[in-house]
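Residue numbers (the working numbering), protein chains in the order written: chain A, 1 to 353; chain B, 1 to 353; chain C, 1 to 261; chain D, 1 to 261; chain E, 1 to 227.
Think of the hints as simulated: they come from the structure by calculation, not from any bench.
Just so you know, these numbers come straight off a predicted model, no measurement behind them.
No residue lacks a Cβ here, since even glycine has one placed at the ideal position from N, Cα and C.
Any given hint could turn out to be false.
25 Å max Cα-Cα, derived SDA-like pairs, lysine to any residue [claimed, not checked]:
(1) B:LYS344 - A:ARG308
(2) B:LYS344 - B:HIS276
(3) B:LYS344 - A:THR324
(4) A:LYS344 - B:ASP307
(5) B:LYS344 - B:HIS283
(6) A:LYS344 - B:HIS329
Derived list of chain D stretches under chain E, where covered just means 3 residues or more per stretch with a C-beta under 8 Å from a C-beta of chain E [what the hints assert, rightly or not]:
(7) 97 to 104
(8) 110 to 120
(9) 124 to 134
(10) 214 to 227
Where chain D lies over chain B, by a calculated footprint (3+ residues, C-beta under 8 Å) [stated by the list, open to error]:
(11) 68 to 78
(12) 81 to 88
(13) 91 to 105
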Amino acid sequence: MSGGLDARITVLHPGGFHLDAELRLESGHTVAVLGPNGAGKSTLIAALAGLLPLHEGRVALGGRVLDDTELGVWVPPEERRLGIVHQDYLLFPTMSVLDNVAFGLRARGRARSAANRGARDLLAQLDLLQFAGRRPADLSGGQAQRVALARALATEPDMLLLDEPLAALDVTTRARLRHVLADRLAEFPGPRMLITHDPAEAFLLADQIYVLEDGAITQVGSPDDIRLRPRTSYAADLAGANLLVGVASAGEVLVGSHRLTIADTSAQGPVLATIHPRAISLHVVEPGGSPRNAWATSVTRIENYGDRVRVQTAGPLELTAEITPPALHALGIAVGDRIWLSIKATEVGVSAD
Amino acid sequence: MSGGLDARITVLHPGGFHLDAELRLESGHTVAVLGPNGAGKSTLIAALAGLLPLHEGRVALGGRVLDDTELGVWVPPEERRLGIVHQDYLLFPTMSVLDNVAFGLRARGRARSAANRGARDLLAQLDLLQFAGRRPADLSGGQAQRVALARALATEPDMLLLDEPLAALDVTTRARLRHVLADRLAEFPGPRMLITHDPAEAFLLADQIYVLEDGAITQVGSPDDIRLRPRTSYAADLAGANLLVGVASAGEVLVGSHRLTIADTSAQGPVLATIHPRAISLHVVEPGGSPRNAWATSVTRIENYGDRVRVQTAGPLELTAEITPPALHALGIAVGDRIWLSIKATEVGVSAD
Amino acid sequence: MTRRRPPFVLAFLACVGAAFFVAPLLGLVARTPWSDLGEVLGREVVGDALRLSLVTSLGATIVALFLGLPLAWVLARFEFRGRALLRGLVLLPLVLPPVVGGAALLFTFGRRGALGGPLEDLTGLVLPFSIWGAILAASFVAMPFLVITVEGALRNLDQRYEGAAASLGASRWTVLRRVTLPMIGPSLVSGLLLTWARALGEFGATITFAGNLPGRTQTLPLAVFVAMEGDRDAAVAMSLLLVLVSLAVLVTLRNRWWGAR
Amino acid sequence: MTRRRPPFVLAFLACVGAAFFVAPLLGLVARTPWSDLGEVLGREVVGDALRLSLVTSLGATIVALFLGLPLAWVLARFEFRGRALLRGLVLLPLVLPPVVGGAALLFTFGRRGALGGPLEDLTGLVLPFSIWGAILAASFVAMPFLVITVEGALRNLDQRYEGAAASLGASRWTVLRRVTLPMIGPSLVSGLLLTWARALGEFGATITFAGNLPGRTQTLPLAVFVAMEGDRDAAVAMSLLLVLVSLAVLVTLRNRWWGAR
Amino acid sequence: GGDARREVRVSAAASLSDAFLALETQYEAERPEVDIVLNLGGSSALREQILSGAPVGVFASANQANLEQLVTAGLVDGPVVDFATNRLTIAVPAGNPADVRDLADLARDNLLIGLCSPAVPCGDYAATALAIAGVVAAPDTLEPDVRALLTKIRAGELDAGVVYETDIAAAGDDVESVAIPAEINVPVVYSIAAIAEDHRSDAENFIDFVVAGRGRQILRDQGFFLP
Ligand SMILES: Nc1ncnc2c1ncn2[C@@H]1O[C@H](COP(=O)(O)OP(=O)(O)OP(=O)(O)O)[C@@H](O)[C@H]1O
Ligand SMILES: Nc1ncnc2c1ncn2[C@@H]1O[C@H](COP(=O)(O)OP(=O)(O)OP(=O)(O)O)[C@@H](O)[C@H]1O
Ligand SMILES: [Mg+2]
Ligand SMILES: [Mg+2]
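Work out the full structure: start from the sequences and follow the hints.
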């Protein structure tokens with residue numbers, strides 16, 4: 001019944017922003033779109049939904065052309081059968097929560113009682129039944145977000161477009177809803193697109209990840225691809241890794257003026273090198289032993305997250321290391337202190353740029 | 001000039017929600033308020049700001065009484081000198097970004113040029129200068145949130161009240177803004193209250209944490225207190241820990257019908273026991289050796305976060321364990337499989353209930 | 001903000017503004033011949049006029065709703081050539097002296113008018129001197145209020161809600177009915193009340209276009225006008241009736257429709 | 001949504017609605033004596049009347065802004081006893097036949113009136129037969145439009161923006177000026193235009209309260225009335241002038257004020 | 001005018017508009033030191049203004065009733081003088097499409113007939129005339145004044161109506177007159193009086209001009225009959 005999404009999209013915003021993206025979403029798969037603020041993620045959703053005119057391009061869902069600037073085809077939003085969570089919810093302020101969720105069902109022709117029953121089911125699943133009679137203005141932020149999710153899921157659309165659907169939820173609810181969402185997505189037959197700033201959410205829920213930066217797609221891959229072989233500094237931040245750009249030759253990568261020993265002796269030419277923060281060891285004296293990379297630097301920032309501590313270091317490579325609080329205690333270092341840093345050659349991931 | 005906040009607050013919402021909280025925020029300290037959706041965090045801010053009438057209570061900031069239902073004192077919002085980031089920003093849609101940020105300065109009597117200069121400085125610090133001329137409607141979600149933060153910081157208020165100020169930011173920007181915010185908070189003389197759903201943010205930025213649940217404060221303590229000795233299941237979720245409620249006697253805790261061996265032989269009576277997911281080992285065969293707690297159960301869910309995997313188990317205690325992807329691979333388990341679980345007695349934290 | 005009093009200057013100006021509406025009414029009440037009030041209001045002409053007034057004003061409000069609302073929506077939501085001009089034209093009935101407006105209606109919808117002639121040939125309906133004419137005249141004069149009020153409100157509305165509703169599968173008709181109109185509710189009510197009140201008080205265009213026959217086209221304002229020529233006391237009494245009827249309706253409706261917020 | 005055409009039924013109704021305003025104007029234009037238009041409009045009376053019309057309508061708009069805006073704000077934002085009644089009273093000038101409205105003004109602000117007498121004793125100002133009287137009459141009749149439109153818009157507005165502005169240290173005056181009014185901008189403009197247009201076309205209350213003195217209180221609608229008696233061509237020509245002036249102002253202002261969105 | 005001319009305010013019934021505009025021009029030409037300011041309106045509105053103290057020097061009314069109310073209120077200073085008369089006539093659209101010949105035709109049901117409202121002078125007079133002729137008219141509208149009635153006849157919306165003879169003269173080619181025989185016609189009388197105010201002598205002077213001076217010729221030119 002439902003099929004994949006094929007889209008090639010160019011959208012211009014008055015301010016000069018320019019979105020240029022090509023997407024293929026398979027039916028039954030979840031694609032997470034990650035990207036910095038202002039990268040164009042919400043714009044992408046609006047364009048797919050037909051709420052923003054394409055400057056150029058083509059959108060087809062399950063073989064049905066929704067938009068084609070060349071052929072002059074344009075299917076209006078109400079006929080696209082999409083389920084959307086808008087970033088700022090856009091709950092109808094004059095309707096009760098129940099009516100908001102039942103709205104799509106009634107708009108698609110269900111009788112009032114059937115629509116209300118469907119809406120109640122969903123509200124129950126999202127722990128919202130007690131708010132059924134409330135107006136959106138009388139909900140907390142997280143409650144409103146869940147209502148928005150319920151509204152999008154209610155209509156059994158051909159495709160799901162979720163713009164940060166869990167951003168306002170508390171840890172407990174988020175964990176629960178991640179499960180609900182994972183189950184829901186698993187049983188949803190069409191393609192689904194999930195926009196999020198939470199890498200854990202993306203890694204957990206997505207089959208494939210698109211990285212969108214400044215209006216262009218900079219990397220596409222499986223969660224592991226992105227995590228282990230990020231190709232931009234944003235993607236590296238997602239993975240929590242250090243990313244270095246250099247030139248490889250004969251078992252070494254030249255990063256700036258610094259040479260980093262790597263295990264892979266066959267790598268040659270421009271490469272991206274990734275180093276996980278936990279693979280970096282810190283020492284107060286020069287380390288001996290096997291690590292082939294070691295240098296002295298100074299501490300620029302220490303961040304204590306409770307169960308782990310991130311230590312940022314100064315040049316030559318400005319790497320961030322992650323250690324445990326006891327380890328920090330044992331080292332006894334503070335910001336500005338001199339420190340030694342060592343990395344095993346095998347811990348430096350290398351991929352061609 | 002600026003002093004601490006002393007507040008005792010009762011607020012009623014028409015729907016039956018009831019907030020009852022007592023707070024003491026010291027000058028120069030940051031308090032994070034954490035709590036589930038609908039716990040009353042935003043309500044608390046609105047009440048402190050004078051935007052919601054108190055049913056009963058008293059608010060004093062630096063010795064100045066802002067609200068006192070008994071004495072009939074009520075200082076209007078415009079004289080409270082607070083810097084607020086509202087959960088849904090409430091940027092003025094008819095003003096440019098620059099005017100939004102300069103608004104507070106001008107309202108407090110600064111000349112237009114001085115106000116604009118101040119606003120530009122802040123916009124620059126938050127990487128927003130390029131959007132100075134835009135209307136809020138033409139910003140992305142994350143950009144709008146940063147503008148809201150700039151607007152709140154601009155006026156040099158006596159107290160800061162930040163309602164999820166970083167929720168919509170991408171990982172890179174969030175990390176950067178956490179630093180900016182940490183620096184800003186450090187140099188801010190008055191008390192500051194930070195509402196967040198991100199435990200890392202709270203642990204990193206706060207001196208003290210209030211846990212608010214269903215309108216009541218359930219725990220107050222240092223970040224380490226909350227992390228190591230959570231007293232509610234919500235707080236345990238924050239810390240990522242397993243929380244068990246039981247009765248201790250003679251080096252054991254009785255949880256339901258299960259006996260858990262603990263290291264602390266002096267514990268007696270009702271206790272909370274916490275077990276960190278990483279302290280739980282998984283085995284496909286019955287483990288030998290030192291761990292004094294071991295039992296067989298089955299796997300109910302496996303969540304792969306890329307660099308770590310969380311494995312949920314069935315009864316008797318429904319614990320979640322955290323292992324590495326290679327470990328999972330080595331175990332070769334799937335949902336429904338039978339598994340052994342072991343915990344060292346020393347890894348079970350116990351505190352009186 | 002419920003605890004607060006309005007700032008002094010604004011409160012003062014508001015009081016002066018309120019006095020503006022209250023003082024002339026008091027003047028009217030002071031001149032009311034209370035003793036023969038009953039007699040005057042009991043007259044058959046007065047009853048007929050009141051009934052006609054209610055019918056025409058309600059009719060005009062309905063016409064305005066069915067024609068004015070779509071017009072406001074098109075003006076607010078679609079770009080087309082001549083839109084600015086059309087928007088200006090909508091305000092014309094306010095600007096035209098009522099007599100001229102009535103004359104213009106006669107030129108157009110009268111028996112010899114460009115549209116009135118064909119209309120009579122086709123349907124046998126003669127607008128002037130009939131209640132339909134009175135409704136037409138009242139609609140012409142009162143509809144701008146609905147159009148302008150609603151168009152302003154539509155422009156104030158965040159259109160993304162309409163987009164969200166469309167994406168949920170709602171036709172534009174459903175969007176209009178279930179999302180747009182409720183969201184501009186108070187403005188719509190304001191517009192309808194303005195329209196109704198204006199139609200109720202309508203005088204000039206009606207008398208010029210529809211004439212003035214007791215029991216057929218003589219609405220209360222026309223009866224008042226005629227009485228004013230001779231029997232001033234009766235005129236004042238009937239005006240007071242008009243005032244009371246409209247007050248009753250306005251106060252009741254407003255409280256009901258706005259009470260929900 | 002810019003690519004879309006309105007759905008047929010609504011577009012059709014909107015066209016009928018538009019025809020409602022356009023057709024009578026065409027009827028008027030068809031009867032215009034184009035040949036003597038220049039002569040008529042060159043007359044001194046016409047120039048005087050146009051000037052007076054502009055002055056009184058502008059004056060009334062200013063009065064409405066200064067008194068009506070605070071009144072609308074108080075009605076929308078504060079709870080007090082008699083609010084519902086006051087809201088109803090504000091609509092009275094629409095409902096009262098203009099002659100009765102004028103008479104009520106005379107009862108109150110005339111030289112023998114409850115307020116007019118003391119006013120003359122104190123300041124020497126006589127309202128009837130002076131331009132101040134014409135402005136007063138026009139304000140009385142036109143102010144409700146501003147009050148009602150603005151009140152509706154204020155009720156539509158999310159008050160949390162005002163709270164946010166107050167928390168940033170803005171006095172309520174600043175909040176009103178910089179946050180509230182800009183946010184209800186289109187409705188405010190609508191209200192002001194309705195007010196101005198109504199004041200420009202005002203006839204009945206003015207002729208009754210302020211008289212019909214050429215060069216002093218004879219506005220264009222009053223001049224049209226006098227001309228209608230004999231020189232009908234002049235009356236049509238002057239009406240057309242009224243139409244053109246108002247169209248020019250309305251189209252220009254609306255485009256400018258609403259262009260920014 | 002802001003110059004030093006003495007001002008006399010003359011409130012006159014709307015049906016006297018053309019005549020009084022001409023009177024003003026002539027009088028001001030003769031006496032440049034006096035400024036006649038005309039206030040034209042419905043008789044009842046003019047009456048209300050004077051009752052509420054409006055500063056008026058002269059009031060010319062289309063019937064006696066309005067002036068009598070002012071006399072009762074003690075606002076008339078000096079005698080009430082009848083200065084002109086008029087006659088009724090039947091007005092029909094150009095070409096007389098309904099072929100109206102006399103007052104009796106006003107009873108025809110298939111015609112659209114208009115009269116002035118009995119509350120205003122022209123309707124009062126018409127009712128008297130119809131009564132004298134023994135005709136029960138079937139009006140479709142009772143207009144508030146002659147002007148409104150004529151507008152509809154001119155537009156062809158009404159087939160006939162009863163108006164003043166002077167109005168036919170002013171209306172031009174669009175209307176025709178079907179005369180009412182003198183024996184059943186009703187004499188229409190216009191009255192004028194000075195109202196208590198400053199510049200009494202100027203007001204009386206203007207009344208003299210209308211009643212006895214060269215104003216008479218102007219009134220005659222406008223189609224009025226003189227007593
Ligand atoms: N209506 C508009 N007019 C002009 N520019 C706009 C408009 N809407 C968005 N933009 C700009 O387009 C870019 C993309 O915006 P978009 O909302 O798609 O970002 P996003 O990826 O969703 O970001 P976020 O993670 O912050 O929500 C931003 O730079 C934004 O400033
Ligand atoms: N205007 C209102 N009328 C009635 N109930 C309300 C209103 N506003 C909030 N509530 C209810 O009060 C409770 C507290 O809401 P509040 O917004 O303070 O929660 P919160 O802690 O900020 O939650 P979140 O993390 O989701 O933002 C919620 O249950 C909410 O439904
Ligand atoms: Mg976005
Ligand atoms: Mg909240």
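To see whether the hints hold, each was checked on the structure:
no., hint, result
1, B:LYS344 - A:ARG308, "holds (21 Å)"
2, B:LYS344 - B:HIS276, "holds (11 Å)"
3, B:LYS344 - A:THR324, "holds (20 Å)"
4, A:LYS344 - B:ASP307, "holds (19 Å)"
5, B:LYS344 - B:HIS283, "holds (14 Å)"
6, A:LYS344 - B:HIS329, "holds (24 Å)"
7, 97 to 104, "holds (count 3)"
8, 110 to 120, "holds (count 5)"
9, 124 to 134, "holds (count 3)"
10, 214 to 227, "holds (count 5)"
11, 68 to 78, "holds (count 3)"
12, 81 to 88, "holds (count 4)"
13, 91 to 105, "holds (count 6)"
In summary, the structure agrees with every hint in the numbered list given earlier.
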